[in-house]
Every structure is written in structure tokens, then in C-alpha cells.
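Just so you know, this note's numbering puts the end of the sequence shown at 179, numbered straight through with nothing missing.
Derived from the structure by calculation, the hints contain no laboratory data.
Quick caveat, the model's predicted, so the values are computed rather than measured.
C-beta: ideal position from N, C-alpha, C; glycine also.
The reader is advised that the hints may include incorrect statements.
To be verified - What follows is a list of derived Cβ distance ranges for each label pair:
#1 Leu150 <-> Tyr17: 19 to 25 Å
#2 Gly104 <-> Glu6: 15 to 21 Å
#3 Leu37 <-> Lys88: 37 to 43 Å
Stated by the list, open to error - Listed below are the simulated DSBU-like cross-link pairs for lysine-lysine, each with C-alpha atoms no more than 30 Å apart in a straight line:
#4 Lys97 <-> Lys146
#5 Lys87 <-> Lys59
#6 Lys59 <-> Lys146
#7 Lys59 <-> Lys88
#8 Lys82 <-> Lys146
#9 Lys133 <-> Lys73
#10 Lys132 <-> Lys97
#11 Lys87 <-> Lys73
#12 Lys88 <-> Lys127
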Amino acid sequence: MGNREILHLISILLQYPDPEWFEADLERGINDLSDLNPEIYEKLRSFFQFIRQTTIDKLQDLYVQTFDFNEKTNLYLTYSKMKEEKKRGVVLAELKQFYEQAGFIMETDELPDYFPLFLEFITVAKDEEIKKLLAAFLPAIETLKDELLAINSPYANLVEASLFILHQMLPNDTLKEV
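Please model the entire structure based on the sequences and the hints provided.
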């Protein structure tokens, strides 16, 4: 399993856990990861272990408490910095336009800065497009990771694994904030 496939898997796992994906065999690809980076493997293995020990109701409740009711850990990458400012609307419109110009069709009602959607774009984007987005959004993803770690959330494993991959996709000298 390559980095883009791993990011696709993480994007699914970071969405609301409905019974359909909960009961699906999402773990079948985890064995393919064991010969890849041990850090990524361990983060995903840890998350899968957590969901195996958790009922769908508890997982759904945790998801809502973590991402819907906690401002610091929501999955909208521009929210932590801009909240509901007008500038955020402009950034969201530009991001949606960026996706469309790259040929990515948003087939969801989610905002374009929704982290799972962002990861989906990364899985199909060209390297230059990835570099532009990551330079702008890595700080927000790092903040999300830190906040999830602060509350000891099992979802931190997914964000950490995605960050490990995303950092590999971006040269260090390209980092800047939105």
C-alpha cells in the first residue's frame, strides 16, 4: 500500500463512523503496511485496535464529542485560525476553486477545508498542487494533532500517520502559514 492509498484510508477513518464502514473490512489493508514505515504501521494498528474494542455507538459518540463539539479539534482546517471571519469564506471559495481547477470534483456537502476531503484531494493531486496546499495547511494539521494528543484521543494516531506522509511530500523549505 502506497502513501496515497494510506491517506485515502485515513480520510475514510476520519469521517463519521457509520455502521457501513464500521462493519466493512477496513483493516484488511493494515497487513500490507507492516513492511512499510513502522511509525505509520503502529499508528494505524493502534487505531484499529481501538475501534475493534469499541461499539459503534461509543465510537459515534466519541466522534461527535471530539470533532463536532470541540472547537479545538474540529476537522475544518481554516476554522482554528479564522473562526467565522469573512476572510475564511474567501479562503474556502479559493480552495474550492483550486480543487476544481485541478480537476477534483467535490461530491459532498462538506466545506473544502474538511480534513478528510483535503486528504482525498491529496490522493489524486499532482505534486505541484500538493506542495501549494501543504505549504498553507500543514500548520493547521499540526495544531489539530497537538489538540488531539492533549485530550488523549485515539484519532491523534490517524492525524500523526497522515502528517508523517504529508511531510514526506513537501520539502522543508516550502513551509509557510496561510
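Each hint, compared with the structure:
1. For the hinted restraint 19 to 25 Å between leucine 150 and tyrosine 17, the CB-CB distance of approximately 21 Å keeps it satisfied.
2. At roughly 20 Å, the beta-carbon separation of glycine 104 and glutamate 6 lies within the given 15 to 21 Å, and the hint holds.
3. Checking the proposed 37 to 43 Å range against leucine 37 and lysine 88 shows it holds: the Cβ atoms sit about 39 Å from each other.
4. For the suggested pair lysine 97 and lysine 146, the alpha carbons sit about 24 Å apart, so the restraint of at most 30 Å is met.
5. At most 30 Å may separate the alpha-carbon atoms for a hinted pair to count; lysine 87 and lysine 59 exceed this at roughly 36 Å.
6. For the suggested pair lysine 59 and lysine 146, the alpha carbons sit about 21 Å apart, so the restraint of at most 30 Å is met.
7. Between lysine 59 and lysine 88 the CA atoms are separated by roughly 36 Å; this puts the pair beyond 30 Å, and the hint is violated.
8. As the CA atoms of lysine 82 and lysine 146 are separated by approximately 15 Å, the hinted pair is consistent with the 30 Å bound.
9. With a C-alpha separation of about 24 Å, the suggested pairing of lysine 133 with lysine 73 holds against the 30 Å cut-off.
10. This hinted pair checks out: lysine 132 and lysine 97 have alpha carbons roughly 16 Å apart, not beyond 30 Å.
11. Between lysine 87 and lysine 73 the alpha-carbon distance is near 20 Å, which keeps this suggested pair within the 30 Å criterion.
12. The hinted pair formed by lysine 88 and lysine 127 meets the criterion: a straight-line CA distance of about 27 Å does not exceed 30 Å.
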